[in-house]
Every structure is written in C-alpha cells, then in structure tokens.
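Put chain E on the given structure of chain A with help from the hints.
What follows is the residue order along each chain.
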Amino acid sequence: KAGVTQTPRYLIKTRGQQVTLSCSPISGHRSVSWYQQTPGQGLQFLFEYFSETQRNKGNFPGRFSGRQFSNSRSEMNVSTLELGDSALYLCASSFDLAGGKYEQYFGPGTRLTVT
Amino acid sequence: ELKVEQNPLFLSMQEGKNYTIYCNYSTTSDRLYWYRQDPGKSLESLFVLLSNGAVKQEGRLMASLDTKARLSTLHITAAVHDLSATYFCAVGSFGNEKLTFGTGTRLTIIP
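Same order as they appear, the protein sequences are chains A and E. Numbering-wise, this note's numbering puts 89 at position 89 of the first sequence, and it's gapless, one number per residue. Numbering-wise, this note's numbering puts 90 at position 90 of the second sequence, and it's gapless, one number per residue.
Don't read these hints as lab results, they were simulated from the structure. Beta carbons are placed, not taken as given, at the ideal position from N, Cα and C, and that holds for glycine.
Chain A side only, calculated, beta carbon under 7 angstroms to chain E, not exhaustive:
hint, residue
1, Ser31
2, Gly42
3, Asn56
4, Ser94
5, Phe106
Some chain E residues well away from chain A (every beta-carbon gap over 10 angstroms; in silico):
hint, residue
6, Gln14
7, Asn52
8, Val55
9, Gln57
10, Gly59
11, Arg60
12, Lys68
13, Arg70
14, Leu71
15, Ala78
16, Leu83
17, Ser84
18, Ile109
The following block holds chain E by itself, in its conformation from the complex:
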C-alpha cells in the first residue's frame, strides 16, 4: 500500500526566509502533485512532476522530484505573507487516477 509522508506538519517562518517541505513516498509512482489549500477552500494545483530530476518553478515556489529516493521537495524562497496556506503533496498510482495524499504542511508566514 502506498504511503506518503510529509514534513514538517507545521511550519512558522518569517517573511524573507527560505524553507523546504519534504514529501516521501513508499512505492514507485509515475507522477507527483503539489497542491495548496487556503482555510475553508478547495485544493489549488501547483505542480505536477512526472520524471526523475524534474524541477518546476512558479514565483517563489520550486518543486523537484527524485524518483530513486522517492522524495519530492517544495522550496519556498523569500517567503511572503500571501504564501501562508496548507501545502499537500499527492502521489499518483500507476495506471489510474487515484491520488494518495500526504498529511499536509500548514505554513504560516510571520511579517
């Protein structure tokens, strides 16, 4: 059974600082997703990573994938308050649409 571990669960950081969220998964997969969720809202798609070494960047967020280590990272550069949210990674199962989600990382950016 595919398991996805995300850490840290909670992250409080100051504006302007850099930090990384980690996502480990237990079995081979062909795709990994990052989503953002604001309180009381749905999931907003951030990135889809498909191959080993894949790196995608959007603004202050950069995601990477190491399929050999079964690890993805979401790096936040020079954090701003607007990035405060809960971030989820999700791993796809081979051949079907099912996603297995990590526990989420609640990120709070302090001015």
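Next up, chain A with everything else stripped away, as it sits in the complex:
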C-alpha cells in the first residue's frame, strides 16, 4: 500500500511570491491535515480537509489556504511569502474518526525556504 506522497520535496522561493504544495493521501483515506514544523514553534496544525470541505482550521493568517479535490488529493497555498514561512510542511492522511480508525500517517514533507 503506497504511503502519503508530497510534492515538491524542496522549494526555494523569494519573499512576496506565492507557493502551492501538493499532498496525495493513502488510498481510501478521506481526511487530509496540514502541519507546519519550525524549530521555534514546533509542529502546528494548519487545517484539515474531508470530502472537499475544510473541517478545522488552526491559527494561521489568511495567506495560508488549502483545498481538497474529489480524489482526496489536497493542495495548500501560501501567498505573499514571508521569511518566517520557511518551514517543513507536513501532510497527514487518515481514514476518518467516525469510522473508528484513528491512525494518522504523515508524508515526507515539503521543505520550503523563503529568501
């Protein structure tokens, strides 16, 4: 069974640009969550999508947005990049809590560097 895939793996952008990251969950999983990991703030929840709807959102500015497609693949977008957006962005895939399945599996991450 294939794991969670994220593309691209590495990205270098300039302040003010925008970026789109992609996540393909494990086959059959319908929930996709996004997390930002930085040395200073640790792992922080960005948002979660289920059946193309955002179900939960963390405390990030509106520059951070996402969406989910009918095949459960998800994208997140960051507009007007700032230096502080440099981080490892992780995507987590899960079936659904309502189904009694609680495991969340993380992808390899996209390392974003903003210069």
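Frame of chain A, contents of chain E only:
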C-alpha cells in the same frame, strides 16, 4: 485551549539503560499518539492510545496512558543506538482530526 507539555526536551543516555519520556496535556482527550522523527525526515507513527490504562509495546518501546492524570509515558528499555531520534507525543481533539503536539524529546543514545 489544549496544551501539551513534554519532558525532558533533551535526553542523552547510555546504551543498555532505561528511561521514560513524559507527556502531560491540559484538557480531556480521546486519543494520544506517539511519533518518532529522524533528522530531516517525516514523522513515523509509533503508538495510538485510546483509553485509560492503555499500554502498547513494540520492541524496546512501551507507551501507556492515564487519562485521569492526563499523562502518557514512553518507556525505553535497554536503549540501543538505533533509537536515537526525536520523539513527539500528540493529543487528539474530540470529534476532529486535529492533533496538538508536544515540543518533542531529542533522544541521543551513547554507545
């Protein structure tokens, strides 16, 4: 707001020794996770604990959950170098997939 505290932040121990990592959380939750992260890598799922008194073991790692004390522990038995990594606990929010992570414990096993 759910807060998760993990200690110690850093742990250096010799091979063959035992040690415990602690994870405290501030509000009631229905599930607790332990993950391992190697440098530059993603998070590897170790355990999911769902009920009070739950205990799970895999090799030299054993995790337990006390929901009344809002405490989980990750016990390492007879540590080996391969266990060197950063360990995170994460607490689930009721009714949704959001996880709140602890700060992580960087474990270094010295030969």
